[in-house]
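Colleague: Read off the chains here:
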Amino acid sequence: MTATKSPKIFTGTHGPDDGAGEATPWPDDVPPDQDDTWYPLRDDPWRAKRMEYFIAFLWVIAGGCAVGFVIVYLLGGQAELEGLLLLFAFGLLGTGLVLWARNLIPGHDVIASRGTDHRTSDPEERAAVVESLSRGTDAMMSRRGFLVKKVLVPVGGIFGLAAIFPLASLGARPGQALYHTKWYKGARLVTEDNVALHVDDIMVDGIMTVFPEGYIDDPTSPVVVLNIGGDPIKARTGQAGFEVISGANGIVAFSKICTHAGCAVSLFNVLSMQLICPCHQSTFNILQDAAPAFGPAPRPLPQLPLGVRSDGYLIALSDFIEPIGPGFWNRSGD
Amino acid sequence: MTTNKLVARRAKNSSGSRLRHALVGPAALVGAAMAMFAVLFWTAAAPAQMKPVTLSPVSIQAGQTLFDQHCAACHGVGGIGGRGPELLNVGAAAVDFFVSTGRMPLSSPNLEPTSHAPFFNKNQIADIVAYVNALDIEHGTPGPGIPDITPACNNETPTCPTLSEGNSLFMMNCAQCHDASGSGGLLSHGYVVPSLRQATRTQVGEAVRVGPRPMPNWGPGQFTDQQVSAIADYVYYLGHTPDPGGLGIAHFGPVPEGFVGVIFGLGVLLLCSRLIGNRG
Amino acid sequence: MSTVAERSAARKRAKLEQQALDWADDRFGSSKWVRSALDKIFPDHWSFMVGEIAMYCFVLLIATGIYLALFYKASDAVVIYHGPYKPLDGQSMTEAFASTLNISFSVRAGLVMRQAHHWAANIFLAAVAFHMCRVFFTGAFRRPREVNWVIGVTLLLIAMLEGFSGYSLPDDLLSGSGLRVVFSIVQSIPLVGPWLAFNVWGGAFPGTVFFARLFVIHEFLFPLALAGLLGGHLAILWHQKHTDFAGPGKTEHNIVGSRLWPQYTIKSTALLMFIAAVIFGLGGLIQINPIWVYGPFEAARASAGTQPDWYVGWLDGGLRLWPHWEFRSFGHEIPNPFFPGIVLPGIVFNVIYVWPWIDKRLFGDYEEHNLLDRPRDKPLRTAIGVAALLFFFDLTLASATDLIGNALQMSFELLIEILQYGSFIGPIVGGIIAYRTCVLLKNTDAHPIQRPVGGIMVRDARGGYHTLGASHDGHNGSEGHEGNGHDGNGHDGNGHDGSAHSEGTTLERAAGPHSGED
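The listed protein sequences correspond, in order, to chains A, B and C. The numbering of the first sequence is the numbering used here, which starts it at 1 and goes up by one. The numbering of the second sequence is the numbering used here, which starts it at 1001 and goes up by one. The numbering of the third sequence is the numbering used here, which starts it at 2001 and goes up by one.
FYI, nobody ran anything at the bench for these hints, they're computed from the structure. Don't take every hint at face value.
[What the hints assert, rightly or not] Below, computed lysine-lysine pairings styled on DSSO-like, alpha-carbon distance capped at 30 Å:
1. B/Lys1051 <-> B/Lys1122
2. C/Lys2442 <-> C/Lys2250
3. C/Lys2012 <-> A/Lys49
4. C/Lys2442 <-> A/Lys49
5. A/Lys182 <-> A/Lys234
6. C/Lys2442 <-> C/Lys2360
Because the structure is a prediction, the values reported are computed rather than measured.
With the rest of the complex left out, here is chain A (with noise of 0.2 Å):
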């Protein structure tokens, strides 16, 4: 489109000025006199062809960078090649777009009005709304509004209600998922390569992830179980007796999902005997039964009762006697 000078008449988008003058102009009404033809090297053509001419030369290059992409591509693919190659295809375009338009193209520092007098409604306009509305809303609420108020609403509220309800159908409810893992009596203590571990297997100052046997995948059940030699632990209440101790080996079990927020619990400090959490830091005294010594986690780890099988291998007794991991509403507390 060539750029021809607003004609004084014509000022903008909504027709002739409507006799208010200036003094209202409208949204995007530009000075008359206003000269937007020009660009900064309108008056110098030879500096302007040159311009063109690295202009051109820009996005050949990055042309080229567009064809070696598809040669990289078709000879098996590099990925820091196509990165460099799709950069500087890119790149250069966007740099010769960048040269044209602040150079060559007109259209700059252009002054217009925000029609802010008209940019919103008369008095007029807006009654006149209110009164198309009121056509129906004046019908619609006829006796106070009996039908829509004291019955529409409700039952669209209902309606919706009711419209919420397939969602349940996403999920299973938790029921007692939250309260029991797959440990059970007499369940051994396998690694994820399912090899039983037995009771002198664990050297001191040794660690393991164990599974019930049988329930590797399940994600509640991983347990940390732990060689503290002879140092003894202070069990918590119900939580006596659950370590096993067999000569110089002292063999202690915890859950390893965070009472925090799940993460698995696992790195091991032997010298503060701690087991920490790499999620948040919660860090857990081992020799306090596993206590909270720091961190966000507002309970122990629970301790899994352990037992050894007259074949020596490692069992549990029981399930723990507490839900593991984080907390929920419903959780006994202790």
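Following the hints, position chains B and C against chain A.
Modeller: The following block gives chains B and C in isolation, referenced to the frame of chain A:
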């Protein structure tokens, strides 16, 4: 074969060929002694997949000199302990690990051992290891030997079950402290978990068996030697494989990535905006 | 200077354009609108382009996202991986993870697309945050733009959720740990928590149907919402016109800038090119989210350095900083994660949402504004904004305590304690400093870098040194120097026109030797 086994075999041959009928008694005694030594050396120095530690007296003597100069001040003459722990049953792996990672000698007894460039060269390390190993054998209860880990696969094999097993074991047992990428982490009480990306396979294997505190340890009942080897192989792979996606930044996950994205990525684009727009 | 050939080509072009427009106008009557669109003015300040950066990042996210969606399998089904990445060969994983490995290693250009998508998401949120700060600190949310602010905050919220759901799709250990934390946060909601969590996940965590649902949310629900809200955001902006900084010739009733056609179109396209360059450049050259290193998610596994993407960092930091309080009574409990996980973002977003109305109350300003404040013009608002940013920064730092401790050899116990105190001391102190700085700058009414604040020394004919224009509060520096050849009007003995330094209004000072600057 160690020199002592050769000595034992030679002794047996000479006694068997020359004085068989006349010297059965002494032969039996010597034989029993050899057998005892053989058993001791076998359990101490060369079970399956252990690197043998030299028993050469020259090496042991050189090791003793170095030990007395640099270690005895804390660990006591003869390794009996003092300000530092006694070393009479730590095993060759522990010594090799601590010295080859520069954790020992400590420049001050109050410091925590941390990984540095090693203070000794390879030969000196071997000598010190030989000396302490000899002390351990004398005392009778040597700890873990140096694991002998050879790379399981090369780049040509399309699959590598050892690497896969190593990955699985590493992710379950090591990643929580050392980070999935092996870059290290943090324990409680300020103990920094070191990066593994420059560690040798042997050092990894040693650390797993020894458990340099505050790290836990894994004995033969927890990991077989093959499993330790697999872990070491995978750790080496982590630190010595080019990143497929480009520059790895710090191998620490979303935190450095966020830095790059927000500060560098958006920063460059804000600069571009300044080039495109006005400043007024 | 056009040649004959150029003029004739221009006429031919105009004829074609006329034909096309006639065709459209016959059907849609669109000429008026098209003309107003082509002629529309957009102010040119560079900081106004940041919203555009966000918009174009969104466009590129859609483009790369569609590509990825063609290869990703949103399935929890367990498969054994057999592919180019040897350390995972033979391991069992979900199809979601396996398909992401496939994109990374077996699809040509797949890794670049995947990484570009993730980089674009990070930059998208950075741009949205920066844009929001720009709007906040310049008061662009004031009447009549309150609704656009509300739409914008909603865009931010959905963008955060979209990003989180996106990087959780591969089911890797890092993002899976994040999902576990979110499950626990939902579970912690009083009364309905467990029910809601089991509902969304289709059972206990991690469940067997989650990734199909996450896919729907990430590919469909949120992008629709974002696109629709973005459309509304732009439509309102189009109609109300963009705000602008005050300056020479600018009033509340006019607008100065580039026309949409051709100036702004070309510049905007250039911006899109630069954004594509940065995003695809990063996508190929700098590794992000190497899911093969994290491996598939398993509930028994965890990695050090478990952080979310940066824009969720403040929430994760909040979880680390919030003390271990939990409330139990009568057989019920409000678990610990509820407060940093639900209450904190709830308060934050509610305050942000109603800020335009708080702002009105605070400054008693119910007027319409098309010209922007400079941050110094409203010290209280700027101070509150700075305090808020320091708060988020403190919490974001807290999410990286283990990495910071590793780098600086500090314990996380000490770091967390420092950041706990810092979360309220920092904002208070920072807010006060910001407030004072704004007041100071406002009084000088010039940027200290543009204009020296303080005295100017001159040397008179007799060799003595005198300070003129002593302090920034407009002191007449020539008082008391009459005896040295100055006259009372501030002209010194050397004939310098001391008008710049005489008593006067700030406007006069601005017209002194340093005039010509804004």
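Colleague: All the hints need checking, so say for each whether the structure fits it.
Modeller: Results for each hint:
no.: 1; hint: B/Lys1051 <-> B/Lys1122; in the structure: holds, 15 Å
no.: 2; hint: C/Lys2442 <-> C/Lys2250; in the structure: holds, 20 Å
no.: 3; hint: C/Lys2012 <-> A/Lys49; in the structure: holds, 23 Å
no.: 4; hint: C/Lys2442 <-> A/Lys49; in the structure: violated, 47 Å
no.: 5; hint: A/Lys182 <-> A/Lys234; in the structure: holds, 26 Å
no.: 6; hint: C/Lys2442 <-> C/Lys2360; in the structure: holds, 21 Å
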